[in-house]
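Number of protein chains: 2
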Amino acid sequence: MKIRYLHTMLRVKDLEKTMAFFNLLGLQQTKRIDNEEGRFSLVFMAAEGQPECPVELTYNWDGDEGLPSDSRHFGHLAYRVENIYDLCQTLMDAGVTINRPPRDGHMAFVRSPDNVSIELLHAGKPLPPQEPWASMENTGHW
Amino acid sequence: MKIRYLHTMLRVKDLEKTMAFFNLLGLQQTKRIDNEEGRFSLVFMAAEGQPECPVELTYNWDGDEGLPSDSRHFGHLAYRVENIYDLCQTLMDAGVTINRPPRDGHMAFVRSPDNVSIELLHAGKPLPPQEPWASMENTGHW
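Sequences listed follow chains A and B, in order. The opening residue of the first sequence carries number 1001 in my numbering; numbering runs sequentially from there. The opening residue of the second sequence carries number 1001 in my numbering; numbering runs sequentially from there.
By construction, these hints were calculated from the structure, which means they are not laboratory data. Possibly wrong hints are sitting among the right ones.
[Unchecked claim] Computed beta-carbon distance windows for the label pairs: (1) R1103(A) x H1106(B): 44 to 52 Å; (2) P1126(A) x Q1130(B): 49 to 57 Å; (3) L1127(A) x W1061(B): 26 to 34 Å.
[Stated by the list, open to error] Straight line, CA to CA, 30 Å or less: simulated DSSO-like cross-link-like pairs of lysine-lysine: (4) K1002(A) x K1013(A); (5) K1017(A) x K1031(B); (6) K1002(A) x K1013(B); (7) K1031(A) x K1017(A); (8) K1031(B) x K1002(B); (9) K1017(A) x K1125(B); (10) K1031(B) x K1017(B); (11) K1031(A) x K1002(A); (12) K1013(B) x K1031(A); (13) K1031(B) x K1002(A); (14) K1002(B) x K1017(A); (15) K1031(B) x K1013(A); (16) K1013(B) x K1031(B); (17) K1017(B) x K1031(A); (18) K1017(B) x K1125(A); (19) K1017(A) x K1017(B); (20) K1125(A) x K1125(B).
All values reported here derive from a predicted model rather than from experimental measurement. Idealized CB from N, CA, C, for every residue including glycine.
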């Protein structure tokens, strides 16, 4: 081994909100470090069976200055999901905006509480078009 | 499976420069899509043996507006490396600034050509302190 991927790290403004968001997607916490001296928490969350590909949430207890409201430079995190309609419904019921609805039964984009772009791809062949997705407009960008 | 991690995507201003950078780290191209109609390229690069954890480089042939010069919100990509001194030397020889030199024989930070923060962690126990790293100052932030 020359090099191994470890994680993608995101700075977050509200740890509870962000953990709830990734829980909704289906990720579970795999490790948590609360550092009293440094006054920060690190929470690693991964999909079941993929502990080697976690997202690391970095939360500074006293706030984190200079976080932009949008991070276009950081493209997105991408996840393959079992049923894109079911997941988007779960997200919508929890108040998450579906920025790019899965009109095609295949692809959707949402944003984390910090506006980090999240791509969702349906596993396997696209689902048949179905309301409310088929006629839902885009919201903002992603 | 409810959800599977797919990739972390980064928008890049200079595809060749960025591919060269990730090559220096030891990543290899696993997939490339050149879309003439959409005038964009997608290049997936992963560590050997980890095709399931790629970084996706998105390059728009006509430029990509609004990319910030710094993306603090996007924390970093992290990689475990076989020998952190050797890799930092290779990077430095290629003109890459070692923003946080591996003074402790364990951890370093560098930036991609788009200023995306990259964390490097030495595999196993820290190496004994060694020049030029032991006395090298930090450069900027990461």
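So, going through the hints one by one against the coordinates:
Against the hinted window of 44 to 52 Å, the Cβ-Cβ separation of R1103(A) and H1106(B) comes to about 48 Å, which satisfies the hint. The hinted window of 49 to 57 Å between P1126(A) and Q1130(B) holds, with their beta carbons roughly 54 Å apart. Under the hint 26 to 34 Å, the C-beta atoms of L1127(A) and W1061(B), about 32 Å apart, fit the expected range. Of the supplied pair hints, the one linking K1002(A) and K1013(A) is violated, its CA atoms being roughly 34 Å apart against a limit of 30 Å.
Between K1017(A) and K1031(B) the alpha-carbon distance is near 35 Å, which puts this suggested pair outside the 30 Å criterion. Of the pairs offered as hints, the one joining K1002(A) and K1013(B) holds, with about 27 Å between alpha carbons and a cut-off of 30 Å not exceeded. Restraint check: the Cα-Cα separation between K1031(A) and K1017(A) comes to about 17 Å, which is no more than 30 Å; the hinted pair holds. Between K1031(B) and K1002(B), the direct Cα distance comes to roughly 25 Å. Compliance with the 30 Å bound is thereby established for this hinted pair.
A threshold of 30 Å between alpha carbons decides the hint, and for K1017(A) with K1125(B) the separation of about 36 Å lies outside it, so the pair is violated. As the CA atoms of K1031(B) and K1017(B) are separated by approximately 17 Å, the hinted pair is consistent with the 30 Å bound. Our distance criterion of 30 Å between C-alpha atoms is met by K1031(A) and K1002(A), whose separation comes to about 25 Å. Taking the CA atoms of K1013(B) and K1031(A), the gap is about 34 Å. The hint is violated against a cut of 30 Å.
With a CA separation close to 20 Å, the supplied pair K1031(B) and K1002(A) stays within the 30 Å bound. A threshold of 30 Å between alpha carbons decides the hint, and for K1002(B) with K1017(A) the separation of about 21 Å falls inside it, so the pair holds. For the hint linking K1031(B) to K1013(A), the alpha-carbon distance of about 34 Å lies beyond 30 Å, and the restraint is violated. Taking the CA atoms of K1013(B) and K1031(B), the gap is about 19 Å. The hint holds against a cut of 30 Å.
In summary, the hint linking K1017(B) to K1031(A) is not supported, as the alpha carbons are separated by about 35 Å, beyond the 30 Å threshold. For the suggested pair K1017(B) and K1125(A), the alpha carbons sit about 36 Å apart, so the restraint of at most 30 Å is broken. With a C-alpha separation of about 37 Å, the suggested pair K1017(A) and K1017(B) falls outside the 30 Å cut-off, and the hint is violated. Proposed proximity of K1125(A) and K1125(B) is contradicted: the alpha carbons are some 46 Å apart, above 30 Å.
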